[in-house]
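Residue numbers (numbering that gives the first Met the number 0), protein chains in the order written: chain A, 0 to 398; chain B, 0 to 398; chain C, 0 to 398.
These are computed hints drawn from the structure, not numbers from a lab.
Hints are supplied without guarantee of correctness; some may be wrong.
No copy labels: a pair is met if it fits in one copy or bridges any two.
As a list, the in silico SDA-like pairs of lysine to any residue whose alpha-carbon atoms are at most 20 Å apart [unchecked claim]:
(1) Lys359 - Glu139
(2) Lys2 - Asp36
(3) Lys203 - Glu315
(4) Lys359 - Ala142
(5) Lys324 - Gln390
(6) Lys56 - Thr392
(7) Lys308 - Glu231
(8) Lys153 - Ala250
Now for the letters of each chain:
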Amino acid sequence: MEKTLQAYIDKLDSLRFKDMYDGDFFLTWDKTGDELDAVFAVADALRFLRERNISTKIFESGLGVSLFRDNSTRTRFSFASACNLLGLEVQDLDEGKSQVAHGETVRETANMISFMADVIGIRDDMYIGKGHTYQKEVAEAVAQGRRDGVLEQKPTLVNLQCDIDHPTQCMADMLHIIHEFGGVENLKGKKVAMTWAYSPSYGKPLSVPQGVIGLMTRFGMDVVLAHPEGYEVMPEVEEVARRNAAASGGAFAKTHSMAEAFQGADIVYPKSWAPFAAMEERTELYGRGDSEGIQALEKRLLAQNAQHKDWCCTEELMKTTRDGKALYLHCLPADINGVSCVDGEVEASVFDRYRTPLYKEASFKPYIIAAMIFLAKCRDPQAVLKALEAQGTKRQFAE
Amino acid sequence: MEKTLQAYIDKLDSLRFKDMYDGDFFLTWDKTGDELDAVFAVADALRFLRERNISTKIFESGLGVSLFRDNSTRTRFSFASACNLLGLEVQDLDEGKSQVAHGETVRETANMISFMADVIGIRDDMYIGKGHTYQKEVAEAVAQGRRDGVLEQKPTLVNLQCDIDHPTQCMADMLHIIHEFGGVENLKGKKVAMTWAYSPSYGKPLSVPQGVIGLMTRFGMDVVLAHPEGYEVMPEVEEVARRNAAASGGAFAKTHSMAEAFQGADIVYPKSWAPFAAMEERTELYGRGDSEGIQALEKRLLAQNAQHKDWCCTEELMKTTRDGKALYLHCLPADINGVSCVDGEVEASVFDRYRTPLYKEASFKPYIIAAMIFLAKCRDPQAVLKALEAQGTKRQFAE
Amino acid sequence: MEKTLQAYIDKLDSLRFKDMYDGDFFLTWDKTGDELDAVFAVADALRFLRERNISTKIFESGLGVSLFRDNSTRTRFSFASACNLLGLEVQDLDEGKSQVAHGETVRETANMISFMADVIGIRDDMYIGKGHTYQKEVAEAVAQGRRDGVLEQKPTLVNLQCDIDHPTQCMADMLHIIHEFGGVENLKGKKVAMTWAYSPSYGKPLSVPQGVIGLMTRFGMDVVLAHPEGYEVMPEVEEVARRNAAASGGAFAKTHSMAEAFQGADIVYPKSWAPFAAMEERTELYGRGDSEGIQALEKRLLAQNAQHKDWCCTEELMKTTRDGKALYLHCLPADINGVSCVDGEVEASVFDRYRTPLYKEASFKPYIIAAMIFLAKCRDPQAVLKALEAQGTKRQFAE
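Isolated chain A (complex conformation) (with noise of 0.2 Å):
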């Protein structure tokens, strides 16, 4: 690992990124693998300094909107803090679960709450075919609003969870398996399971699986996708990870045996998620008031969901991953067996062992969520840094 910020500044001199300036973050895929590296590295670096004391803000004053369209207690709090980080103060704007506010009003409320704002982070992933649609007309209504001179700066979107992606998360469990093997050199062949498991909320976003395999594929690994017929995710993002594959040397693959998935696996990442041909439906469904087709479905839902509670990861299936000893990844929080619930996807002895990593994985957030705003905010992210250091304000006063 690192031991200077010379390192870092030295790995982003050898990537190309430079169209992530005044860029925005929707979709892992969007990206270069360079333009990836450079947020890995962005990442690391700032955490370099903060552990060392340093000031990394870039920002002397300026607003972070988030704006969450879904409850969210981890989310808002890395987004708050990779603000804080860079020196912008966190507004929230709650616009609750509905579906309304799209089209003019998204324009004008885009707008409205942009004056100062820095960076707009949103979180959108209750409705298949919306979240991603949405965070593009907040992107061009701002970007509009910028070049209509009505904004003293566009604001940079993050994207912190749509329909379709969850970069924020992803990057972030990349960037732990990345220091847990020692580099992204090493990660050529290894193993990696996304798998589905049970749990007794059944309706948890697609968002996780498919950034992982449109992730995953990107470094030469062997990624296994594993689900019970019916959980199938967008047939696009399995198109995405299958070209990744292609182009980067590994592996994608698809199984609806969760035994086979495990097999020898470096990595594992057992999940729920709820079937993509439902969430299509449900949107449907929520779009025209259907209340009652609702309830219909969640009740179907529910049914098909209990037909699979041996989705486990249990100590069994443990012992046949790599030496036993496959890396387990969970986005958190994760319905334990016998501890948030009856029957879950995960075996509470297997949770235990990998407590301090997924903690760990989790940490790396706020860094992956302030390298993003960074990159797009520095037009020469290492001159920065580099000033960063040299100017050496404390973060906290120490006497």
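Given the coordinates of chain A, assemble chains B and C onto it according to the supplied hints.
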């Protein structure tokens, strides 16, 4: 338009506004013309500095307390932006829509939230005869708290909308006009049509039309207030408008014809509001907790309202304005025909044509609020502006 | 009263409080007398600097996380003010009033919100036997997170009110007393009457009376706890009070007569609280989800409560105190006869006479909280205070 900070400072040097120091901002007609001009000059100066990436922080720490007795996104963000611009952290106090919390409780709460507060922004526009009174109570409570040595500083009160006036909105509208017409000296004789317009939501506050006629009559303009019979505004404010017009060499007239108001107008402000008498009645009914009476009143108001769907800002009407090109104003959000409702305040094509100017109009509000605070907090605003420029702290770290 | 910062530094030089560094603040009786004196000295020193417009920021960035398990305006603002004073941005986590979120979840959530947190302030006073335990769990979780390398720093936990103690309130009350009596050296032998008083709301927490008898018995004062039969506080805390009194050369006595407690008192603190046994019963009923049982209990409590309307701080009672001029204390808001209720804790004319001192009492709280954080974060608090004064950064830009 001025291109140096010195021009704004010169302007301030020509004005008398010493009484604004340590003061509050309740109603525009409490202030002299010079004082309003000072707000405009400081607002422009702060924007000048921010556009050049120069910090305008006059506080190194301190709180800006916002107190909303009604839901609000735009005002909340404008206030948060203004506070952030000056270095204050926003702390929200949501009291709900209740009418309680007057008297004893106000005095106490006002002090309890103000130990570190440099500004308190209040929006309380729900009940006729209440909002302004409440703001006065809060301002008196904290002034007393300061005198008694309870508070380390006297928080400045900024009226973010009351039952009588909406000074931050109307001052932003006015600064927009000044910029559009190339200076306040070009406004003499210009015709302003402040007119009622139909909206399916019939109970909007009167503070905007009242604020507009109370402010725009001070610049020698020819202000016409148009509304259907029964939609009168507060007589006291009409009286203010009449006196202003007489003093400024302008005019103030009333009509029940939207067409008459639009005829040859340079500026049009078509907007729905509730009838004053009905609002008074509603306040009384709420006071008595008479929910049946409130329902009956709402039904009556809806019926009355529905008779005036023809009060809409159409393309046809716009053609009758000066060269068919009057400046269209709105405080947003507008009720747009076929977009946010079937019948509303304005035709979609009219609104579309003015979207960018409307967003610019709104963009002045954070600067207006910041200027009000700045003038209350700086004993010598010109010297502070000069010092900010000389110091030249970058708002965003740029390398 | 001291007039130089050096006086506070000299005071600190005479005290032993090294163990406060990197510590938490749960209960005043966890702390030595020197440690409490250090909190008072730092609180006064921070106020001294702020009154002179000198920045007391010891953080350039970082979060102060507030976790309220009960509604709160005053405590929220006190905590926000303290954080702002030190340079931390507040991020609120509202968990609602539920009893859930203990155990596994606490450990995880505590870490997930703490990646950039320097302090966590918790108010959890609803259930006997729960609040303090919960705070301990959170503090242990983040200490473990720090040891495991998950967190970049250990957040300091500050008890903003639990089921046992309310240290920030009682320390503020105490600092107010110290100022009013001209120094801690003048308190020996002074009589304090901590007495129950009637309020129509019968379920108020016990943490104030418990905190008062647990703290005020440490200064050689003669503390009397008065309440009707059935309104006992926790026996463990009475035991603490007894031990304190013995050690400090003061006294601790109990009575069922308000008149006896007031007789010749120098300080009176008449305040409603719920009976401890009933609170224990309520906690159990909530634990079992027995809503019928809760209703029955509430009915019984109301009836019991109504028998003690004569427990009121009247003018007549005040006349029996030392020279008829005892210092009247309250944590606010008080239930005032004929103002906030028909029958309450205090007569309006008594409350009115003490309003300014009451507000001053409250004004110490932000400084007490800030001092607790300051002492946990600064290895050498005296040096930091000196450096802050030498540096002399203006809190408000003054020209």
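key: List of violated hint numbers, smallest to largest   = As far as the earlier hints go, 3, 5, 8 are violated by this structure, in ascending order.
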